[in-house]
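Undergrad: Once you've looked at the hints, dock chain A against the given chain R.
Chains as they are written, first to last, in our numbering: chain R, 1 to 426; chain A, 1 to 426.
Hint data in this document are derived by calculation from the structure and do not stem from the laboratory. Please note that a few of the clues may not be correct.
Said to hold, decoys possible - Computed list of chain A residues with no C-beta within reach of chain R, every gap over 12 Å: (1) 35; (2) 72; (3) 85; (4) 88; (5) 122; (6) 218; (7) 236; (8) 300; (9) 342; (10) 373.
What the hints assert, rightly or not - Some chain R residues near chain A, calculated using beta-carbon distances under 8 Å: (11) 11; (12) 70; (13) 72; (14) 163; (15) 200; (16) 301; (17) 384; (18) 386; (19) 413.
Beta carbons are placed, not taken as given, at the ideal position from N, Cα and C, and that holds for glycine.
Number of protein chains: 2
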Amino acid sequence: MKNALYAQAGGPSAVINASAAGVIRACRRSGQIDTVFGAHFGVLGALNENLIDTSPFDDATLELLKATPAAAFGACRHVLHDLADDPREYQRLIDVFAAHDIAYFFYNGGGGSAHACQAIAQASRRLGYPIVAVHVPKTIDNDLLHTDCSPGFGSAAKYVATSIREASIDLASMSHTSSKVFILETMGRYAGWLVGACGLATEHPNDGPHLLLFPEIPFDETQFLHQVKETVERVGYCAIAVAEGLRDQTGNTLHATGQKDAAGDRQLGGVAPLLAHMVTQQLGYKCHWAVADYLQRAARHLASATDVAQAYAVGEAAVAMALDGRHGLMPAIRRLSDVPYRWDIVGVPLDDIIQGDRFVPREFISASGLHLSEAGRRYLAPLIAGEDAPLFKHGLPQYFRLPHDRVPKKLPPFQSPLTSRVQCQV
Amino acid sequence: MKNALYAQAGGPSAVINASAAGVIRACRRSGQIDTVFGAHFGVLGALNENLIDTSPFDDATLELLKATPAAAFGACRHVLHDLADDPREYQRLIDVFAAHDIAYFFYNGGGGSAHACQAIAQASRRLGYPIVAVHVPKTIDNDLLHTDCSPGFGSAAKYVATSIREASIDLASMSHTSSKVFILETMGRYAGWLVGACGLATEHPNDGPHLLLFPEIPFDETQFLHQVKETVERVGYCAIAVAEGLRDQTGNTLHATGQKDAAGDRQLGGVAPLLAHMVTQQLGYKCHWAVADYLQRAARHLASATDVAQAYAVGEAAVAMALDGRHGLMPAIRRLSDVPYRWDIVGVPLDDIIQGDRFVPREFISASGLHLSEAGRRYLAPLIAGEDAPLFKHGLPQYFRLPHDRVPKKLPPFQSPLTSRVQCQV
Numbered sequence: 001m002k003n004a005l006y007a008q009a010g011g012p013s014a015v016i017n018a019s020a021a022g023v024i025r026a027c028r029r030s031g032q033i034d035t036v037f038g039a040h041f042g043v044l045g046a047l048n049e050n051l052i053d054t055s056p057f058d059d060a061t062l063e064l065l066k067a068t069p070a071a072a073f074g075a076c077r078h079v080l081h082d083l084a085d086d087p088r089e090y091q092r093l094i095d096v097f098a099a100h101d102i103a104y105f106f107y108n109g110g111g112g113s114a115h116a117c118q119a120i121a122q123a124s125r126r127l128g129y130p131i132v133a134v135h136v137p138k139t140i141d142n143d144l145l146h147t148d149c150s151p152g153f154g155s156a157a158k159y160v161a162t163s164i165r166e167a168s169i170d171l172a173s174m175s176h177t178s179s180k181v182f183i184l185e186t187m188g189r190y191a192g193w194l195v196g197a198c199g200l201a202t203e204h205p206n207d208g209p210h211l212l213l214f215p216e217i218p219f220d221e222t223q224f225l226h227q228v229k230e231t232v233e234r235v236g237y238c239a240i241a242v243a244e245g246l247r248d249q250t251g252n253t254l255h256a257t258g259q260k261d262a263a264g265d266r267q268l269g270g271v272a273p274l275l276a277h278m279v280t281q282q283l284g285y286k287c288h289w290a291v292a293d294y295l296q297r298a299a300r301h302l303a304s305a306t307d308v309a310q311a312y313a314v315g316e317a318a319v320a321m322a323l324d325g326r327h328g329l330m331p332a333i334r335r336l337s338d339v340p341y342r343w344d345i346v347g348v349p350l351d352d353i354i355q356g357d358r359f360v361p362r363e364f365i366s367a368s369g370l371h372l373s374e375a376g377r378r379y380l381a382p383l384i385a386g387e388d389a390p391l392f393k394h395g396l397p398q399y400f401r402l403p404h405d406r407v408p409k410k411l412p413p414f415q416s417p418l419t420s421r422v423q424c425q426v
Numbered sequence: 001m002k003n004a005l006y007a008q009a010g011g012p013s014a015v016i017n018a019s020a021a022g023v024i025r026a027c028r029r030s031g032q033i034d035t036v037f038g039a040h041f042g043v044l045g046a047l048n049e050n051l052i053d054t055s056p057f058d059d060a061t062l063e064l065l066k067a068t069p070a071a072a073f074g075a076c077r078h079v080l081h082d083l084a085d086d087p088r089e090y091q092r093l094i095d096v097f098a099a100h101d102i103a104y105f106f107y108n109g110g111g112g113s114a115h116a117c118q119a120i121a122q123a124s125r126r127l128g129y130p131i132v133a134v135h136v137p138k139t140i141d142n143d144l145l146h147t148d149c150s151p152g153f154g155s156a157a158k159y160v161a162t163s164i165r166e167a168s169i170d171l172a173s174m175s176h177t178s179s180k181v182f183i184l185e186t187m188g189r190y191a192g193w194l195v196g197a198c199g200l201a202t203e204h205p206n207d208g209p210h211l212l213l214f215p216e217i218p219f220d221e222t223q224f225l226h227q228v229k230e231t232v233e234r235v236g237y238c239a240i241a242v243a244e245g246l247r248d249q250t251g252n253t254l255h256a257t258g259q260k261d262a263a264g265d266r267q268l269g270g271v272a273p274l275l276a277h278m279v280t281q282q283l284g285y286k287c288h289w290a291v292a293d294y295l296q297r298a299a300r301h302l303a304s305a306t307d308v309a310q311a312y313a314v315g316e317a318a319v320a321m322a323l324d325g326r327h328g329l330m331p332a333i334r335r336l337s338d339v340p341y342r343w344d345i346v347g348v349p350l351d352d353i354i355q356g357d358r359f360v361p362r363e364f365i366s367a368s369g370l371h372l373s374e375a376g377r378r379y380l381a382p383l384i385a386g387e388d389a390p391l392f393k394h395g396l397p398q399y400f401r402l403p404h405d406r407v408p409k410k411l412p413p414f415q416s417p418l419t420s421r422v423q424c425q426v
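The shape of chain R in the complex, shown without the other chains (with noise of 0.2 Å):
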C-alpha cells in the first residue's frame, strides 16, 4: 500500500480541518492507502521534507482537528515556478514522494494552489514518478469557479452575518443620543460575497444593514451620503457594511486613494475608518466602525454546520476521487435545490477551476447597488445555515493542537533555488 500527503495553502479559513479529517479519514477506511502524512506549513513543508504522521491521531483527535480553525498542518503562500522555467521545486517534490513512498496528494487550498496542484501531477508524469493528485477546495473569498460555494465562504459568512445583526441593534438601542451610524469592514478584494451575506441579517425592511458596498459596484460618495441621510432620518439610524476592496469609479480601492490623499504612510487605517471620517465630516453623525480582519475568518466557535458537512465531503470524495485514479481533479459542490438545500460532489477538472475568478453577479445585487437581491439571498442563505460548536473548556473553545513529532528525513536538505520567490503576500 502507498502512502498519502496532504497539504494547506493560503489564507486559512474555519473549516478547512474539517477537510483534513474527511481526507485522513476516508483514507483509512479506504484500506488502499497506508500512512496519510501532513505537510508542515504547506508545499514548503513538502520540499523540507517537513512531514506529520497523522497515524496516531485517534478518533477524538480527528473530531477536535474537525472543530479547529486555521490550518493546523500550517500553510503558506509559495508559487512554483512553470516546470519548463526550472524544474527543480518539482524534482524535489517527487524525490520527497519517493522516498516516503507517497502515491497520493491532497492539496487544499484556493485558486492558486488548485494551478500547483495541477502542476505538480503533470510534473510528476514528466518526471516520470506519476502521482494521483486531487485539489481540495477552500477559500472564504467564494471566488472558485464551478463550485457552488468554496468551503470555508459558509461559516465567514455566517460570522459577518450575525456580527452585523448583532451590531445594528446595538447601535438602534443608544441611537437616540450617541452613534447614528456603524460599520462593518469585511474581507474581499475582489468579490463581494462575505460584504453581500452580511445582508442575510436584514429580515424586515428597516432592519440593518441598510447599506451593503460591493467591490464590483463602484462607490459613488454622493449617493452613499444621501443613503445614509436617508437612512437615519427615516430608520434613526443606519448600519453598514463594506468590502476591504471598494473601489471608487476608476477602479482604484477607496482604501488606497485613501493612503494617497493623507500625507503619505500615515493613513493606517482600513476602508471602514475612512467612510466614517466622509459621514462624519459631511454628514455630522457620530459613527463607529469595526474591522473584523481574521476574527471572521477564524470564527470557529460560530460555523455554519453546512459549511463544515461540506468541507468534510469534499475531502472525503477527494480520497474516493483519487482511488479511482481520476487526478487533476477538484471535488466541487453542486446545487440540486435552493430550498430545502440539497447538493452533491462532482469532480471539476482542474483546468476549468483555474480559468478564473468569480464575482457576485449583478443579478444578486439589489437595483440600488447597495443591499441583496432576492436572487442573491436565495443563493447565500442556505450556505450558513446550522450550527456546529467546537468544544469549550473552561470557557473557551477548544482547538487541536500540532504534535511536535516530525517523520524522520530520509533526504539532504534541500536548498530551494527560489526562496526568494516566497510570496509574503496578505
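TA: Structure of chain A alone, referenced to chain R:
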C-alpha cells in the same frame, strides 16, 4: 397594587436584557407589583412618557428577551442636573410616576446611572412622592466598585478571549511566509479588564496572545518593540491585545497622540492600526489588526452562561430589595470562592458605588506588565465560564423586537429645559 418602571442606561451589553427579564419575572412572581413598564430610550423615555407595557410579553417572549443583546428597550446617555440647581426634570419624572401609578424604579446601567438612580430616589422624597429606586448593575467595562464583577463584562470577556485565541492560531498557521504579528483592539478607555481577559486564551506558555497592553500600564515603545521581536524570533509570530485607552508615560492616550502627530483629523484608525504601523516600520514585520468595537459588547451568540445567570439574578434581586423597601441600593455580586466559582448577591448602598472606578490592580498583571498574573487569571477565569447560546433560525441568532405599541400618554409633552445637555458621548 402599584406599578414599576424599568429603564436601561448607557452603552449596552450582551446580557442587559437578561436583567430586564429577571426584573419582569420577579415582579410578576411577587404578586405585589401590577404592571412593569419599560422606558423607551431610558430616562429620556421616562421624561417623555414613552412607556412600553410588558404585560403582554409571554414566557417565550421573555426567554427571547433574556437571550437578546443590546438595550432592547433603548438606552440613552443623559445627565440629570443636581436637584438644587434645577428641579424640573425630577418634577417631571415624579409626574410621570404619579400618572402611571409607579412606585418602583429599576435603573439598569453603570456608574453614571447609579448616581442618577440615587438622585431620583432622593428627589422623589423631597418632592413628596417617595419612590423605591434600585440600581441594577451593568457595564462591559467591569469598572463598578463593590461588586465581584459587572454583568455584561463576562460575555464581552468571553468574546475577546475566544477571538484572540482563534486569531492567534490563524496567525500561527500562516506565520511561515506571511504576517508575523496580529493586534486586536478591545474596548477599555480607562480600565483594562477586557484586554486582561484576552490573556485567558493563553493556556500554554507559547500560546497567543503573547502581549497584553493595559491602559493601567504606561506604554513603553522600546520595551514593546523588543518584546514583539523577541516573541517572533522565539515563537514564530506574536499576537497582541491592546485596550483602546492605552496611554503613554505622560498619561495621553496613544490614539490621541497619534492624531496629533498625523495631520490633524487625518488619523482615522484606533490604537491597533497605530501599533501595527509602528511594528511594520520599526521591525519590518507584516502585521494584521482588528478592531472589534460593538461586536464585542453585542456578541450574545457567545455569551458567558455565568454572566447571563448573574445578569438575570441581579434583576431578580433588585425586585426583592425594592419589595423589602430597601431603596438606594444596588444588588452586587459577592464572590464566595474561586474554584468552584460560587457567588451570592448582596445589597450595596449606591453612595458607595458612585465613589469611584475600579481599575485592574497591579497584582492581576504579570511582573513584565504585559500579561496576566496568576491572581488575574484566577479572578477572570470563572466569569467567562459556560455557554448560553441564543435561538438560531435560518442560520442566524433570533432576537427580541420591541413592540410598536406605547402606553397612552396622560400628560402634556415635556419640553426639557436641559435638552442641550443630552450627551452624545461614545
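Undergrad: Hint by hint, say whether it matches the structure.
TA: Do the hints match the structure? See the list:
Every beta carbon of chain R lies more than 12 Å from that of residue 35 of chain A, the smallest distance being close to 22 Å; the non-interface claim holds. Taking the minimum C-beta to C-beta distance to chain R, about 7 Å, the non-interface status of residue 72 of chain A is violated against the 12 Å cut. For residue 85 of chain A, the condition that its CB be more than 12 Å from all CB atoms of chain R holds, with the nearest at approximately 21 Å. With a minimum CB-CB distance of about 19 Å to chain R, residue 88 of chain A clears the 12 Å threshold, and the non-interface call stands.
No beta-carbon of chain R is positioned within 12 Å of the beta-carbon of residue 122 of chain A; the least distance is around 24 Å. With a closest Cβ-Cβ approach of about 22 Å to chain R, residue 218 of chain A is found to remain outside the 12 Å limit, as its non-interface label requires. Once the 12 Å rule is applied to beta carbons, residue 236 of chain A is inconsistent with being away from chain R; the minimum gap is 10 Å. Non-interface status of residue 300 of chain A relative to chain R is broken: a Cβ of that chain comes within 12 Å, the nearest being about 6 Å off.
At the 12 Å boundary, the C-beta of residue 342 of chain A stays outside the reach of chain R, the nearest C-beta of that chain being 16 Å off. Residue-level check passed: residue 373 of chain A sits 17 Å from the nearest beta carbon of chain R, beyond 12 Å. The interface hint given for residue 11 of chain R holds, since its Cβ lies 7 Å from the closest Cβ of chain A, which is under the 8 Å cut-off. Satisfaction of the interface hint for residue 70 of chain R is found here, the shortest Cβ-Cβ separation to chain A being roughly 4 Å, below the 8 Å cut-off.
The criterion of a C-beta within 8 Å of any C-beta in chain A is met by residue 72 of chain R, whose closest approach is roughly 7 Å, and the hint holds. Checking residue 163 of chain R against chain A by beta carbon gives a least distance of about 5 Å; that is within 8 Å, so the hint holds. Annotation: residue 200 of chain R was flagged as interfacial toward chain A, and the flag holds, the nearest CB pair being 7 Å apart, inside 8 Å. Evaluation of the residue 301 of chain R hint against chain A yields a held restraint, the C-beta minimum of about 5 Å falling below 8 Å.
For the restraint placing residue 384 of chain R at the interface with chain A, the shortest Cβ-Cβ distance is roughly 4 Å, inside the 8 Å limit, so the hint holds. The restraint placing residue 386 of chain R at the interface with chain A holds, with a minimum CB-CB distance near 7 Å, inside the 8 Å limit. The interface hint given for residue 413 of chain R is broken, as the beta carbon of that residue sits about 16 Å from the closest beta carbon of chain A, more than 8 Å.
The earlier numbered hints that this structure contradicts are 2, 7, 8, 19.
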